[in-house]
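A.B. asks: Chain by chain, the residues:
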Amino acid sequence: MKKLLALLLCGAMVLGTTACGGAGGTQSGGTAEQEGKDSGTQQASGDTQEVVFWHSFSGATEAALTSIINEYNEGRGKEKGIHVELVYQGYEGTDKVMLAYQTKDYENAPDINVGLTSTIPAVMDMGWTVNIEEFMNEEGSEVTKDTFYEPLQQACTYEGQMVAVPFSNSIPLLYYNKEMLEEAGFTKAPETMDELVDYVKALTVKEGDEVSRYGLNMQVKRYQLVEFCVSQGEVSFFGDNQGGREAPMTKIVAGDDGTLKTFLEKLQALLDTGGYKYVEDNINEEFAQGLSAMVIMSSSRMGTLDELMPGKYMTAYLPKVNAGDAGGAAVGGSCLNIFNRDDDERAKAAWDVVQYCVSPESQYTFSTASGYIPVNVGCEELDEMKAYYDENPQYKVALEQMKAANPLSQEPLDLTYNEINGIITEIMLEFCQGNSSVDETVNKIVEQCNAALDEYHSVNG
Amino acid sequence: MYQIVCIVTGIVLILPIIYAINISFMPQDEILTTKLHFFPSQLGYLENYKVVFMHTRILRFMWNSLVMAGVSSIVRVIIASLAAFSFSFFEYRGKNVLFALVVGSMIIPADVLVVQNYFTTAELGLINTYLGMMVVFFISGINIFVMRQNFLSYSVTLKEASQVDGCTNFKFYRKILMPSNIPVITTVFISSFVGTWNTYLWPLLVTNTDAMRTAQVAVTMLNNNEGSNYGVGAVMAAAVVILVPSVAVFLIFQRKIVGGVMAGAVKG
Amino acid sequence: MKGKTFGKKLFQTVEPYLYLIPAFLLLIMFAYYPFAKNTVMSFFTVNKFREIREFAGITNYLKVLGDEKFIQSIGNTLVFVVTTVPVSIVVGFGLALLARKRTKSSSVYEAMYSMSMAISVSVVAMIFQLAFNPSMGIVNKIFGTNISWLTDPKTALGAIIFIQIWANVGYNFIFLLSGLRGMSEDVLESAKIDGATGIHLLGKIIIPMVSPTLLFLLMKDIAYAMTTSSFTLILTYPVFHNGGPNGTTETIMSYVYGKGIVGTNYNAAFAATTIGFILAAVMMALSLVLEKRKVNYD
Chain A
1 MKKLLALLLC GAMVLGTTAC GGAGGTQSGG TAEQEGKDSG TQQASGDTQE
51 VVFWHSFSGA TEAALTSIIN EYNEGRGKEK GIHVELVYQG YEGTDKVMLA
101 YQTKDYENAP DINVGLTSTI PAVMDMGWTV NIEEFMNEEG SEVTKDTFYE
151 PLQQACTYEG QMVAVPFSNS IPLLYYNKEM LEEAGFTKAP ETMDELVDYV
201 KALTVKEGDE VSRYGLNMQV KRYQLVEFCV SQGEVSFFGD NQGGREAPMT
251 KIVAGDDGTL KTFLEKLQAL LDTGGYKYVE DNINEEFAQG LSAMVIMSSS
301 RMGTLDELMP GKYMTAYLPK VNAGDAGGAA VGGSCLNIFN RDDDERAKAA
351 WDVVQYCVSP ESQYTFSTAS GYIPVNVGCE ELDEMKAYYD ENPQYKVALE
401 QMKAANPLSQ EPLDLTYNEI NGIITEIMLE FCQGNSSVDE TVNKIVEQCN
451 AALDEYHSVN G
Chain B
462 MYQIVCIVTG IVLILPIIYA INISFMPQDE ILTTKLHFFP SQLGYLENYK
512 VVFMHTRILR FMWNSLVMAG VSSIVRVIIA SLAAFSFSFF EYRGKNVLFA
562 LVVGSMIIPA DVLVVQNYFT TAELGLINTY LGMMVVFFIS GINIFVMRQN
612 FLSYSVTLKE ASQVDGCTNF KFYRKILMPS NIPVITTVFI SSFVGTWNTY
662 LWPLLVTNTD AMRTAQVAVT MLNNNEGSNY GVGAVMAAAV VILVPSVAVF
712 LIFQRKIVGG VMAGAVKG
Chain C
730 MKGKTFGKKL FQTVEPYLYL IPAFLLLIMF AYYPFAKNTV MSFFTVNKFR
780 EIREFAGITN YLKVLGDEKF IQSIGNTLVF VVTTVPVSIV VGFGLALLAR
830 KRTKSSSVYE AMYSMSMAIS VSVVAMIFQL AFNPSMGIVN KIFGTNISWL
880 TDPKTALGAI IFIQIWANVG YNFIFLLSGL RGMSEDVLES AKIDGATGIH
930 LLGKIIIPMV SPTLLFLLMK DIAYAMTTSS FTLILTYPVF HNGGPNGTTE
980 TIMSYVYGKG IVGTNYNAAF AATTIGFILA AVMMALSLVL EKRKVNYD
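Residue numbers (our numbering), protein chains in the order written: chain A, 1 to 461; chain B, 462 to 729; chain C, 730 to 1027.
Simulated from the structure, these hints should not be mistaken for lab results. No incorrect hints appear here.
Which residues of chain B face chain C? A partial, calculated answer using Cβ under 8 angstroms:
{"id": "1", "residue": "Leu474"}
{"id": "2", "residue": "Phe499"}
{"id": "3", "residue": "Tyr553"}
For glycine and all other residues, C-beta sits at the position ideal for the given N, C-alpha and C.
All chains should be modelled from the sequences, with the hints used to inform the complete structure.
C.D. replies: Next comes the structure, spelled out in structure tokens:
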């Protein structure tokens, strides 16, 4: 009997708590809504113009951006009555803007978003995206096209207009372990892929059949493949319509112009050395651990490597596929987009923030923390930047490489970016495993990418 | 001896967790070594935890997760038990079809529904609210299923007896059925709480202010593959920090399930 | 008077439905409506904004079924089901048998056995990503091997299956333990007196008695395994941008995710979802047949 009583009591307690909990639930729902509204009203109310800035940065890069924005909020922002709210969104940021656009959710969208340059065509399809060129052409605008290096202007250009603002842009580099190259008797980095083969042979260490140190680690995905293709000759475009910049891209041209095949032949020579690791497990850490002597990856990894192996590495230009190539590496990375949600004043305020973010001083802060290239031509003139470059020459290599490249050497705006990345990654893996010949690989890449583009146009055209 | 076997087995099972805890106390160069190195060589290296607390508003995020997981689990228990009550103690037309619909919902992959549910939630104006974060977690076919299974083994005659005593059906549910099925309620609550606490994509999608972020997001904020990040140690530290509440809930309520006070959660 | 009895009768008829209202309202809103919409749209051509362009008949289905990668993903998913489901139930059951007897330290190892349930998929993934890492990871260090577990086509699926089993065991354990503890001791004792021991006791007495729990776990694990994608998406997508290497870890749902969410090709994604749903439904139906024949509710 006692037991039964205890049972019932227990039950009553559970029901009691659930009831309270239920009430608590609606209450907290209410406060949350209020909070949401709060920031909403703050945005609209009176003197302070709120600007929402979505980003995807982490680590030192995020810290740098935060300090730039804090400076703005306390200085210039205060004067102009503008306040920026910085929000981390992960890589879903651009997708979320698109979802908000589709649901006409004006309240829950940003004014500024960091998005990959390859998403420019998709972002421009949205009605509320601002064409930045219009802002830059306005009289007295402190930022104009000429604020940026030419390759960066080109990177943000779509259908003849510079529609977005270069911001976190990087360029691929060859990173090498200084000590290891020295030990092997090299005094400079390899400049061509033929040289790279010799270096890899010399730098690879084997214990029996097992490789204990790779000469080179690099997984060829869309990014790497595109870089090696567009750098060939005077200038090459990976896809038609100048790689989708003059008009939407409809097919791959790297097969017909031979750049793809040439690169694959050189890559085959690398594979034959047995000292080239073609899959990336933890490329940064393995390089830092001395398990690979060289790696090829984006300059945006320098910030991380400075943490992992300070002073032990140096960078060099992306090796040329043919000795005579003059195209040079293409910039990649992300740009800033501004959205005007039926509020011109607010979009103007966002533009003011963006201009501040690309100023030479801000770019100094941002670039030195991350390895992204300073986008503003005035930045390298700053004394602190010069001093930084003297101390950290590996950062200057990125900038110099970009300036040396043909501005038309660009990543394509391939509309099915992710799908093409998957296709190339998959086929290149088969190639590196030895399951597909050079010619087969060229054909497969071209055919499958073209099929993806065809399907895109047939449903979205 | 028997207990030692049990405990050793347990330690083997939680090795991955111990591993994560150890890593969270190691400096970067110690993690990066290629030599076998299970335990941190020095005690009291807390840099990784400092990074977590300095660079993310993790306490706020954890509070949000707690509200989301706690409230939605309670609501879920109520909704699921009502449905299970209906399925196990009444006879009516269409019961089998309705139950099949519940079971069927288990195999509708949640990931696929995310985008469409976003549209629904946005239309209801629930973006950036706790309710929007929780509403999709109010229902779970699996919970209805497990509760029905449990109630089925509960004597129907008992219900009839209580009716003779003039007890209404709802009173029976409230006063007798629920109190005597605490183990299953606890089980559902725990699995629901832990499951909701651990979701990542949905709360990230329907919220876009820092004040509304959940704990799982903190881990990815520290673990950005491209560009710079805070290193594996910080990620593991964040993982350990957000593990604490879910393990705590677990330990507190777990005794209720397996404590043997009342027989049978999913009864045999 | 008459009205009252009529009202009472009416209430009696609707009462069971009333209890179902909240559940079904939510089920319809957040499961069946979006799912039905996906299914309807799979017969149309839709653009990247998920807007319907034209009627497509079964073209989308033919295209998906003609994609060898999708066929491969079905194969992988089935492998995933027939490995993770039985192994994690058997291991969970074994642990529950081990922990059934209450001892002083019961609560310690019970907590240990069920701990994996408390950790989020993304954290589990991160821990094992590090453990399986060829250079930093503990696995190679312990076994003195030099294997890239998650990027070698020979080991990747196996590694992911292992992780999934580890993640499932805690949940299965705790349900089975409460099932075992709920067993009537009398029945056990009398069986023992009748001379039932070891495997016989297990097969004839214990398993039938926890069969409802086993069925529930079987259903749940199958449903989960058929619709799984998490570990593939977290562990191999960032490296290969599909369920690589060589498609060996692609599951039906990761294929859907890759096509739809990543590639904004909803035509393939919607059709693949429907096919995946049908396959999962068949598997569920098979395990429900089992319920009718084997499960004991007495």
